[in-house]
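Each residue of the sequence shown is one higher than the one before, counting from 1 in full-length UniProt numbering.
Just so you know, the hints here were simulated from the structure itself, not pulled from any lab data.
Quick caveat, the model's predicted, so the values are computed rather than measured.
Hints may be right or wrong, so weigh each one.
[Said to hold, decoys possible] Lysine-lysine pairs mimicking PhoX-like chemistry, simulated, CA-CA at most 25 Å apart:
id	residue 1	residue 2
1	K177	K234
2	K88	K48
3	K51	K233
4	K160	K51
5	K41	K160
6	K233	K132
7	K232	K48
8	K182	K48
9	K177	K111
10	K41	K232
11	K106	K177
12	K160	K48
13	K51	K234
14	K51	K88
15	K182	K70
16	K51	K182
17	K160	K182
18	K106	K182
19	K132	K111
20	K48	K233
21	K88	K41
22	K88	K160
23	K177	K132
24	K41	K51
25	K70	K48
26	K234	K182
27	K182	K111
28	K41	K233
29	K48	K106
30	K88	K106
31	K70	K177
32	K182	K132
[As the list claims (entries may be wrong)] Label-pair ranges, simulated between beta-carbon atoms:
id	residue 1	residue 2	range
33	G54	R143	31 to 41 Å
34	N104	D224	20 to 30 Å
35	E136	K106	17 to 27 Å
36	K105	I84	18 to 28 Å
37	S24	D210	35 to 45 Å
Backbone N, C-alpha and C fix where the C-beta goes; we use that ideal spot for every residue, glycine too.
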Amino acid sequence: MKRGSLQMAKLVFIRHGQSEWNLSNQFTGWVDVDLSEEGVKQAQNAGKLLKESGILFDQAYTSVLTRAIKTLHYALEGADQLWIPETKTWRLNERHYGALQGLNKKETAEKYGDEQVHIWRRSYDTLPPLLKATDEGSAANDRRYANLDPRIIPGGENLKVTLERVIPFWEDEIAPKLLDGKNVIIAAHGNSLRALTKYIENISDADIMDVEMTTGEPVVYDLDKDLNVVSKKKLN
Numbered sequence: 001m002k003r004g005s006l007q008m009a010k011l012v013f014i015r016h017g018q019s020e021w022n023l024s025n026q027f028t029g030w031v032d033v034d035l036s037e038e039g040v041k042q043a044q045n046a047g048k049l050l051k052e053s054g055i056l057f058d059q060a061y062t063s064v065l066t067r068a069i070k071t072l073h074y075a076l077e078g079a080d081q082l083w084i085p086e087t088k089t090w091r092l093n094e095r096h097y098g099a100l101q102g103l104n105k106k107e108t109a110e111k112y113g114d115e116q117v118h119i120w121r122r123s124y125d126t127l128p129p130l131l132k133a134t135d136e137g138s139a140a141n142d143r144r145y146a147n148l149d150p151r152i153i154p155g156g157e158n159l160k161v162t163l164e165r166v167i168p169f170w171e172d173e174i175a176p177k178l179l180d181g182k183n184v185i186i187a188a189h190g191n192s193l194r195a196l197t198k199y200i201e202n203i204s205d206a207d208i209m210d211v212e213m214t215t216g217e218p219v220v221y222d223l224d225k226d227l228n229v230v231s232k233k234k235l236n
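Input sequences plus hints: build the corresponding full structure.
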């Protein structure tokens, strides 16, 4: 399926299956939390759905966080395609929730008010309370980010900042594969996938706030030779 062909490239997004902190209603962000039992089942079901769809993948991408990596592996295993090339990148990580990470969402709302927490969670360009690089939970202390310039390791992100770090990877790595007619699967996180959704669907800053990504549900795009969305469907 080369560029200029009548055939279209397929792009599949999967938000990781339910994590242990999804289950306990905690802000997760860059904290490396595992899948819950239900999350494993969701990821395995995604693989079953992908196998039934008949989509043959050429390249996989995921974040450097366990819940996304395992989701990708369960899904590809279920689709009998665990062997395909795979790239992990911090640029597909979940949005960094700053000093909110680890806090219970309900308790945080009781402390700061529902409206403030809603703004932190849903505003396109409002940052959460930031985590300092010297704080124990800072990603600056995590070996998986040791090769990054410390100045780009976030202390907290909104969706706007998340999009700004995701798009360069899309343009440099993912888009060229799609333009070459390759089928691509991305297993990542609610907000990194929302950022990509906003970009490829040209969704407004206001409207993206209403877009939800369901855990473990594959979203399939057909893209034309210019990477315009021709069709979109959810496998469930």
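Checklist entry - Given the hinted pair K177 and K132, is their alpha-carbon gap at most 25 Å? => result Violated, at roughly 37 Å.
Item to check | Given hint K41 paired with K88 - CA-CA distance at most 25 Å | outcome: 22 Å, holds
Checklist entry - Are the Cα positions of K177 and K234 separated by 25 Å at most? => result 22 Å, holds
Item to check | Agreement of K48 and K233 with the hint, judged by alpha carbon distance not exceeding 25 Å | outcome: Given pair K48, K233 holds - Cα atoms ~16 Å apart, limit 25 Å.
Checklist entry - Is K70 within 25 Å of K48, Cα to Cα? => result Measuring from Cα to Cα gives roughly 15 Å; hence the hint holds.
Checklist entry - Does K160 pair with K182 here, judged by a C-alpha cut-off of 25 Å? => result Given that 25 Å is the threshold and the Cα spacing comes to 28 Å, the pair is violated.
Checklist entry - Taking 25 Å as the top limit, are the C-alpha atoms of K70 and K177 close enough? => result 23 Å, holds
Checklist entry - Going straight from one Cα to the other, do K51 and K88 come out at no more than 25 Å? => result 23 Å, holds
Checklist entry - Can the suggested window of 20 to 30 Å be confirmed for the beta-carbon pair N104 and D224? => result Since the Cβ atoms of N104 and D224 sit about 44 Å apart, the hinted range of 20 to 30 Å is violated.
Next on the checklist: Check whether the Cα positions of K88 and K48 lie no farther apart than 25 Å.
Outcome noted: The hint holds at about 23 Å.
Checklist entry - Between G54 and R143, is the Cβ distance one that fits in 31 to 41 Å? => result 39 Å, holds
Item to check | Holds or violated: K51 to K233, with C-alpha atoms at most 25 Å apart | outcome: 15 Å, holds
Checked against the numbered hints given earlier, this structure breaks hints 4, 5, 6, 9, 11, 12, 17, 18, 23, 27, 29, 30, 32, 34, 36, 37; the rest are met.
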